[in-house]
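Undergrad: Protein sequence lines, in the order shown, are assigned to chains A and B. For the first sequence, the numbering used here begins at 3 and goes up steadily by one. For the second sequence, the numbering used here begins at 67 and goes up steadily by one.
Mixed in with the good hints, there may be bad ones.
Stated by the list, open to error - Calculated cross-link-like contacts (lysine-lysine; reagent style DSS-like; alpha-carbon spacing at most 27 angstroms):
{"hint": "1", "chain 1": "B", "residue 1": "Lys192", "chain 2": "B", "residue 2": "Lys140"}
{"hint": "2", "chain 1": "A", "residue 1": "Lys515", "chain 2": "A", "residue 2": "Lys502"}
{"hint": "3", "chain 1": "A", "residue 1": "Lys35", "chain 2": "A", "residue 2": "Lys421"}
{"hint": "4", "chain 1": "A", "residue 1": "Lys496", "chain 2": "A", "residue 2": "Lys421"}
{"hint": "5", "chain 1": "A", "residue 1": "Lys454", "chain 2": "B", "residue 2": "Lys192"}
{"hint": "6", "chain 1": "A", "residue 1": "Lys273", "chain 2": "A", "residue 2": "Lys35"}
{"hint": "7", "chain 1": "A", "residue 1": "Lys457", "chain 2": "B", "residue 2": "Lys192"}
{"hint": "8", "chain 1": "A", "residue 1": "Lys484", "chain 2": "B", "residue 2": "Lys148"}
{"hint": "9", "chain 1": "B", "residue 1": "Lys140", "chain 2": "A", "residue 2": "Lys488"}
{"hint": "10", "chain 1": "A", "residue 1": "Lys521", "chain 2": "A", "residue 2": "Lys488"}
{"hint": "11", "chain 1": "B", "residue 1": "Lys140", "chain 2": "A", "residue 2": "Lys495"}
{"hint": "12", "chain 1": "A", "residue 1": "Lys480", "chain 2": "A", "residue 2": "Lys535"}
{"hint": "13", "chain 1": "A", "residue 1": "Lys457", "chain 2": "A", "residue 2": "Lys484"}
{"hint": "14", "chain 1": "A", "residue 1": "Lys496", "chain 2": "A", "residue 2": "Lys148"}
{"hint": "15", "chain 1": "A", "residue 1": "Lys521", "chain 2": "A", "residue 2": "Lys508"}
To be verified - Residues from chain B that face chain A, not an exhaustive set, calculated with beta carbons under 8 angstroms:
{"hint": "16", "residue": "Ala97"}
{"hint": "17", "residue": "Val160"}
{"hint": "18", "residue": "Pro167"}
{"hint": "19", "residue": "Gly168"}
{"hint": "20", "residue": "Glu171"}
Quick caveat, the hints were computed from the structure, so don't treat them as lab data. Beta carbons are placed, not taken as given, at the ideal position from N, Cα and C, and that holds for glycine.
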Amino acid sequence: MFNKEKLEQLKKAHEEWENTVTKAVAKRPERKKEFETSSGIAVKRAYTPADIENLDYDRDLSNPGEYPYTRGVQPTMYRGKFWTMRQYAGFATAEESNKRYKYLLEQGQTGLSVAFDLPTQIGYDSDHALSEGEVGKVGVAIDSLKDMEILFDGIPLDKVSTSMTTNAPASVLLAMYIAVAEKQGVSSDQLSGTIQNDILKEYIARGTYIFPVEPSMRLITNIFEYCSKHVPKWNTISISGYHIREAGSTAAQEVAFTLADGIAYVDAAVKAGLDVDEFGPRLSFFFNSHNEILEEVAKFRAARRLWAKIMKERFKAEDPKSMMLRFHTQTAGCTLTAQQPDNNVVRVAMQTLAAVLGGTQSLHTNSRDEALALPTEDSVRIALRTQQIVAYESGVTETADPLAGSYYIESLTDQIEQKAVEYLNKIDEIGGAAKAIEKGYIQKEIQDSAYKYQKEIEAGERIVVGVNKFQIKESAPKGLLKVDPKVGELQQKKLAELRKIRDNTKVNAALEKLGNAAKGEDNLMPFILDAVKAYATLGEICGVLRKVFGEYQQSIVL
Amino acid sequence: MDRPIRVVVAKPGLDGHDRGAKVVARALRDAGMEVIYTGLRQTPEQIAETAIQEDADCVAMSILSGAHNHLFPKVVNLLREKGADDILVVGGGVIPEDDIPGLIEAGIAGIFTPGTPTSVTIDFIKNNIKRK
Numbered sequence: 003m004f005n006k007e008k009l010e011q012l013k014k015a016h017e018e019w020e021n022t023v024t025k026a027v028a029k030r031p032e033r034k035k036e037f038e039t040s041s042g043i044a045v046k047r048a049y050t051p052a053d054i055e056n057l058d059y060d061r062d063l064s065n066p067g068e069y070p071y072t073r074g075v076q077p078t079m080y081r082g083k084f085w086t087m088r089q090y091a092g093f094a095t096a097e098e099s100n101k102r103y104k105y106l107l108e109q110g111q112t113g114l115s116v117a118f119d120l121p122t123q124i125g126y127d128s129d130h131a132l133s134e135g136e137v138g139k140v141g142v143a144i145d146s147l148k149d150m151e152i153l154f155d156g157i158p159l160d161k162v163s164t165s166m167t168t169n170a171p172a173s174v175l176l177a178m179y180i181a182v183a184e185k186q187g188v189s190s191d192q193l194s195g196t197i198q199n200d201i202l203k204e205y206i207a208r209g210t211y212i213f214p215v216e217p218s219m220r221l222i223t224n225i226f227e228y229c230s231k232h233v234p235k236w237n238t239i240s241i242s243g244y245h246i247r248e249a250g251s252t253a254a255q256e257v258a259f260t261l262a263d264g265i266a267y268v269d270a271a272v273k274a275g276l277d278v279d280e281f282g283p284r285l286s287f288f289f290n291s292h293n294e295i296l297e298e299v300a301k302f303r304a305a306r307r308l309w310a311k312i313m314k315e316r317f318k319a320e321d322p323k324s325m326m327l328r329f330h331t332q333t334a335g336c337t338l339t340a341q342q343p344d345n346n347v348v349r350v351a352m353q354t355l356a357a358v359l360g361g362t363q364s365l366h367t368n369s370r371d372e373a374l375a376l377p378t379e380d381s382v383r384i385a386l387r388t389q390q391i392v393a394y395e396s397g398v399t400e401t402a403d404p405l406a407g408s409y410y411i412e413s414l415t416d417q418i419e420q421k422a423v424e425y426l427n428k429i430d431e432i433g434g435a436a437k438a439i440e441k442g443y444i445q446k447e448i449q450d451s452a453y454k455y456q457k458e459i460e461a462g463e464r465i466v467v468g469v470n471k472f473q474i475k476e477s478a479p480k481g482l483l484k485v486d487p488k489v490g491e492l493q494q495k496k497l498a499e500l501r502k503i504r505d506n507t508k509v510n511a512a513l514e515k516l517g518n519a520a521k522g523e524d525n526l527m528p529f530i531l532d533a534v535k536a537y538a539t540l541g542e543i544c545g546v547l548r549k550v551f552g553e554y555q556q557s558i559v560l
Numbered sequence: 067m068d069r070p071i072r073v074v075v076a077k078p079g080l081d082g083h084d085r086g087a088k089v090v091a092r093a094l095r096d097a098g099m100e101v102i103y104t105g106l107r108q109t110p111e112q113i114a115e116t117a118i119q120e121d122a123d124c125v126a127m128s129i130l131s132g133a134h135n136h137l138f139p140k141v142v143n144l145l146r147e148k149g150a151d152d153i154l155v156v157g158g159g160v161i162p163e164d165d166i167p168g169l170i171e172a173g174i175a176g177i178f179t180p181g182t183p184t185s186v187t188i189d190f191i192k193n194n195i196k197r198k
């Protein structure tokens, strides 16, 4: 892109400048000997055209909305419409959460995002022994279609898009959603939303797995196939780097391990006989947005470019939509401090900016009090307002990919992509993401980064304001959200009543059919849908599958 | 004391957030302790059993899901029932300050919330283990 002769002159001049500055620095040293990003990429004193001399605009960037989508997946980006503002929410009972959703929609939120409690995410009913103490804690408790009906009461499912954070039992919760919509008179082809449905990162980082790898991949592939026919506007998976980053990975590792998982899902679906362009356009992604704004922007751009190449070159996709990496973002929970929690508002604002400059399709902003408890309504409103301020007041939304062409950003984008490619090659050598997880390779890489980060904080090499510098004496924060411990009992009562009034013959028949189908090779979605509609509980459905599939055994690495 | 301090690092309940548990486990190990990490989804019974079988001096548990008031005291009680109340029990995670006095009273010797340097946890364990 640059005139060769001019570039040589420039390099020479820059070298001279470096020499002069280095001499000056010898007398008055810089803050640190070495500067580097979270991914261990060395950061230079200044970047020049020489750092991007090999950049080819058409090949590496192209226009927004064009392959390889480095600059964004839509030609108009936020000039067309803003990202979807989607706050992850849910706690206690379906009734309580329904109220919070209606509040958020009134406040201008544009999509829903359902947080389920741990028993619901792991396929146990609220009255299971292992659910004790966990019911309604980190999300809403859903035991049956009955709860789901209450959860979406008065919310028109043909107008609102809903994201559901469910993985191992994703097919069951999707089936419940379809059934609720049907009762509202909304057919499944009108539904839009997302299920997380990403089991590999559960094994790596998040922990809500149920079944072993193979049957889990089958359930996922079944969903791809079912939705391509019956729920065509649904995002069938949200391949997630978010939790990998929360577990301590670097930005480059986040890209690498997420795309490695993505490759495994595409491989599995293709192996099951699906056409890549049939399910490829419905794959979506989910990334973290951390504090280092510029590295984050480069990360989002690198992920888009790399996925486009993988889909086109490795999987021979032809539909451009299969090559577009569309993603949801959540600000980094692990950067929130319990100390001086109001400072978290500022961190979240920076992370919001990074996500928007990186071209996200939807965003959840964390609340200031989340290192202490689930967020209060006031805190959630500030978090949502943060997005609205960036959207309406900052001006960064007026043009697509505004940081493109920055010597530093382009150089970082290249380097993150390169690091990710090195990891992908290594994972291919091991035999793919599932194998690499089984061997503990991915977990170990993440843990090493997490430990390094912690040691840097404790050595004072990394400053976290309010934690290891600028501390103050604080009194305990007041007014935190408390989940009523009675929620467990309440759910148990509801379950007992449901089991009394439903048609148990119908339930048992549906569960038996599901069990038989699980032993064979049929797509399980229709069987799950029938069981759900008969008011079989989530725990009963997952119980049947547990019996047939067995349970995943975690590989522990330290 | 001639043998190194033995610590069982455990994740009770259904919570899958294990970054903190693993970082603490490694820090304890680097501080010269012997560390047994249980992995996820341990019941209080399993944790108490492991602690006794491993002849542990300390059980360090981590919960970020809000189930601490329910699960931490259960482990303490089980250890007492089995006559192993000389095992020091500590806990960490997202634990609101209001809950801490109740947990201490229930027999959890120390609670370490987000932002605690690992050195603080290490020193606490060294200074408070009961088997000398």
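Undergrad: Decide, hint by hint, whether the structure agrees.
TA: Now the hints, each set against the structure:
1. Simply put, lysine 192(B) and lysine 140(B) have alpha-carbon atoms about 24 angstroms apart, close enough for the 27 angstroms limit, and the pair holds.
2. The hinted pair formed by lysine 515(A) and lysine 502(A) meets the criterion: a straight-line CA distance of about 22 angstroms does not exceed 27 angstroms.
3. For the suggested pair lysine 35(A) and lysine 421(A), the alpha carbons sit about 23 angstroms apart, so the restraint of at most 27 angstroms is met.
4. Of the pairs offered as hints, the one joining lysine 496(A) and lysine 421(A) is violated, with about 51 angstroms between alpha carbons and a cut-off of 27 angstroms exceeded.
5. Between lysine 454(A) and lysine 192(B), the direct Cα distance comes to roughly 23 angstroms. Compliance with the 27 angstroms bound is thereby established for this hinted pair.
6. Restraint check for lysine 273(A) and lysine 35(A): the C-alpha separation of about 51 angstroms exceeds 27 angstroms, so the hint is violated.
7. Taking the CA atoms of lysine 457(A) and lysine 192(B), the gap is near 20 angstroms; set against the 27 angstroms cutoff, the hint holds.
8. Straight-line distance between C-alpha atoms of lysine 484(A) and lysine 148(B) comes to about 33 angstroms, which puts the hinted pair past the 27 angstroms bound.
9. The hinted pair formed by lysine 140(B) and lysine 488(A) meets the criterion: a straight-line CA distance of about 18 angstroms does not exceed 27 angstroms.
10. Straight-line distance between C-alpha atoms of lysine 521(A) and lysine 488(A) comes to about 39 angstroms, which puts the hinted pair past the 27 angstroms bound.
11. Distance restraint check for lysine 140(B) and lysine 495(A): the Cα-Cα separation of roughly 24 angstroms lies within the 27 angstroms cut-off, and the hinted pair is therefore satisfied.
12. Distance check on the hinted pair: lysine 480(A) and lysine 535(A) sit about 43 angstroms apart at the alpha-carbon level, beyond 27 angstroms; violated.
13. With a C-alpha separation of about 33 angstroms, the suggested pairing of lysine 457(A) with lysine 484(A) is violated against the 27 angstroms cut-off.
14. Straight-line distance between C-alpha atoms of lysine 496(A) and lysine 148(A) comes to about 9 angstroms, which keeps the hinted pair within the 27 angstroms bound.
15. For the given pair, lysine 521(A) sits about 20 angstroms from lysine 508(A) by alpha-carbon distance, which is consistent with the 27 angstroms threshold.
16. Against a cut-off of 8 angstroms between C-beta atoms, the interface hint on alanine 97(B) is violated, since the closest Cβ of chain A lies about 12 angstroms away.
17. A distance limit of 8 angstroms between C-beta atoms decides the matter here; for valine 160(B) the minimum to chain A is near 7 angstroms, and the interface restraint holds.
18. Nearest Cβ of chain A to the Cβ of proline 167(B): about 11 angstroms, over the 8 angstroms cut. The hint is violated.
19. Proximity of glycine 168(B) to chain A is violated relative to the hint, the smallest CB-CB distance being about 12 angstroms (cut-off 8 angstroms).
20. Violation of the interface hint for glutamate 171(B) is found here, the shortest Cβ-Cβ separation to chain A being roughly 17 angstroms, above the 8 angstroms cut-off.
The structure fails hints 4, 6, 8, 10, 12, 13, 16, 18, 19, 20 (numbered hints given earlier, in ascending order).
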